[in-house]
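Visitor: Listed below are the residues making up each chain.
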Amino acid sequence: MSRPSQRRPARPARKPVRKPVRRPARKPRGAAPGSPMLRLRVGMVFIAMVLSLFAARLVQLQGVDPNQYAAMAAAEGEVSVILPAERGDIVDRNGDPLADSIDGLMVVADPSLTQKRATELAGFLAKRLDVDYFATTEKLRAQDSRFQYVARQVPAAKARDVVAAAKEKGFVGLSTREDPVRTYPAREIGANLVGFLGTPAKDGSARPLAGLETSFNTYLSGHDGEARYQKGASGDRVPLGTNVVDPARDGQNLTLTIDRDLQWYSQQVLADAVKQARGDSGSIIVGDSLTGEVLALADYPTYDASRPDLSSSSLYSSRALSDPYEPGSVEKALTMAGLIDAGKATARTKVVVPPRLERQDRPINDYFEHDTLRLTLAGVLAKSSNIGTVIAADRYGPGELRDYLTRFGLGSRTDVGLGGETPGILPSGKLWTSQTADRIAFGQSLSVNALQMWAAINTIANGGERIDPSLVKGRATLDDGTEVGTDVAKRSRVVSEDAARQTARMMERVVDPDAGVAPGARVEGYRVAGKTGTAQRVVDGVYDGSFTVSFAGFAPADDPRFTVYVVVHNPRNGGGGGSVGGPAFSKVMGYALRRYAVAPTGTPPSRLPVEW
Amino acid sequence: MSSTAPMRRPAAARTRLAPLAGGAVDRARLAVVPRLRSRAPRVPFVMLVSLVLLGGVVGLLLFNTSMQQASFTVTERENEAAVLAARQQALETELALLRNPATIAENACRIGMVMPPTAAVIDLATGKVTGTPTAAPAGACPGQATR
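From first to last, the protein sequence lines stand for chains A and B.
When we follow the working numbering, the leftmost residue of the first sequence carries the number 633, and every step to the right adds one.
When we follow the working numbering, the leftmost residue of the second sequence carries the number 69, and every step to the right adds one.
I should point out that these hints are in silico values taken from the structure, not numbers from a laboratory.
Built from N, CA and C at the ideal position, the CB exists for glycine as well.
Treat the hints with caution; some may be incorrect.
Unchecked claim - To give a feel for the contact side, a few chain A residues facing chain B, derived at Cβ under 7 Å:
| # | residue |
| --- | --- |
| 1 | Pro729 |
| 2 | Ala788 |
| 3 | Pro812 |
| 4 | Thr815 |
| 5 | Gly1152 |
| 6 | Glu1156 |
| 7 | Gly1157 |
Okay, chain A solo, but in the shape it has when bound (with noise of 0.2 Å):
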């Protein structure tokens, strides 16, 4: 091999000697020219040029852009798998499931290899699914398509089990992708509260539509992980590969203080109410006395949770958060409570009651026709007189009352952790007029929410002391920032002990069947204070004739362990806060009596006089 090699070279080379005549002339095709010195130093050219083009080559890969490359020869082979994170479960007070979070995956079809048998198989998928015959067929035929989402968010179990039996009768071009679920096992139970999520962004991402899930979005979310590694051809995991977990931060739970079988109860019994009173909505908030825990908060008309789209998008807030109307006469008891803790009446200061009464603007009248009575403080609530409420408010200095009614928490938010809620209205500075003031003392010309209402309430049961309601068991925090729950509840004195406990003891002669209004409202064997609300309703503005009844209660009177709250707007079988209120009252008290093993206190009820 070598040789003829070595002896080609060796002929041109002795050319040039023999005829250097002809050199300058004649140049002949393919022969080196030159000495060997000469053909070296060419060669050497023609090395350095190669060699050069290498450390151009070699400084582009190494100086210029070396991450690139480096990424490129990873990527090879390597796979980056992201890692959902679970979003955390919303859970009751005894850890039962309002949401919950499962495995779901999303079932795809590639039309260009369905649409052969495209009616057979939405047939198969129509049954096996539950979706939609015809829209399935033709999602199954589209053309020009390579991706038609055929069922979106189907539990895991479920999905696997029809794609591998589509698989098995033949079908092709079905398969599966991660889509996470989330089951509201509750259903209605809580639904205001807890809210849904719709079908997921794009990416993966939860959309929150409605309640706790959108305001405490973030703190249920979590971080999603990853996971990188390197693949074989076969779909396994090299072994001794890159393999790097990021592994997924998993949303933290939220639990709450609802007691789920007290909220169901409480649902129906709502829900009973204003069907009997022939009412368009009402609410009922049932919370711990001296916790401020609210344990159910139901509100009807209410929907299904796990099935948002078959109501109106009007039913998903909680309308006891988001609602303003006029309480009404349950006011009453916070006008009394704060007379006697500022030391300007008692439960048996003497009243005279006129017909009717005539002040600045108009008349004001009782809700009952009645000569002059002669009725003590105890007996202007248990009668719920107007005409009493506004003489005795009479004593109150200016501005005295409304700073009273703020410290009950009237005018501001409960903030509990629902978004959309309204603080109320409670007039202030010149809209403070005389008249103003003799309406906001039988609770008329001033609005609250549902659950402000009972908050102010259980102040009264709670020995004076006001808690801010909580939602949240524990801790959590909003997706704004703030961190709301049992944990941070703040308790500010509102009103001595005395004048809660005298006020408590005049709210019970309201459910007294001789002295009250309210004797619907008693619970078999406990001793129950309460109060009737029935309240000019405002509608677009005006006073359009229709009303809000209500009843706020506590019990046992002398030792509480819950205040309940019920509203149903717009009765209209002509009942009252006592007649529609007070059943409901009773019912869902009972309940919670019995339910959290609450033994009667056994005291003898108060007899304070209502009328001398």
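Assemble the complex: chain A is given as a structure, and chain B must be docked to it using the hints.
Guide: Only chain B this time, still in chain A's reference frame:
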């Protein structure tokens, strides 16, 4: 080429050096030292080295195979775990729906159970009973009222 060159070169060197210092060259000539012979048999050593090499290669191969096998198993088990977890979740969901108070109440109501309106309380410390236990009256199920 390589076979002819070394034969010629010593001859040339000798001819060139001989007139200068033939005696010195003769004196400096290297003598062949008798080769040291190991009496240990060579075969076992070769066998040992071959065995170690072969064992290493085969071991590495087996190790790799087992790792690969483990990787297959991991994938398989992971899939299995995912399927089982999904199955468990499906069952838990089903259970949660069955434990829903609304479902329980509906079933209880169907077999004629009613809500008690009152209850008596017994104090275990004193044995004192407060309240009068009374039978629950039959009535509509909660939430079943009509307008």
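Visitor: Hint by hint, say whether it matches the structure.
Guide: Structure-based check of all given hints:
no., hint, in the structure
1, Pro729, "holds, 6 Å"
2, Ala788, "holds, 3 Å"
3, Pro812, "violated, 11 Å"
4, Thr815, "holds, 5 Å"
5, Gly1152, "violated, 13 Å"
6, Glu1156, "holds, 4 Å"
7, Gly1157, "holds, 4 Å"
In the structure shown, a violation is registered for the earlier hints numbered 3, 5, in ascending order.
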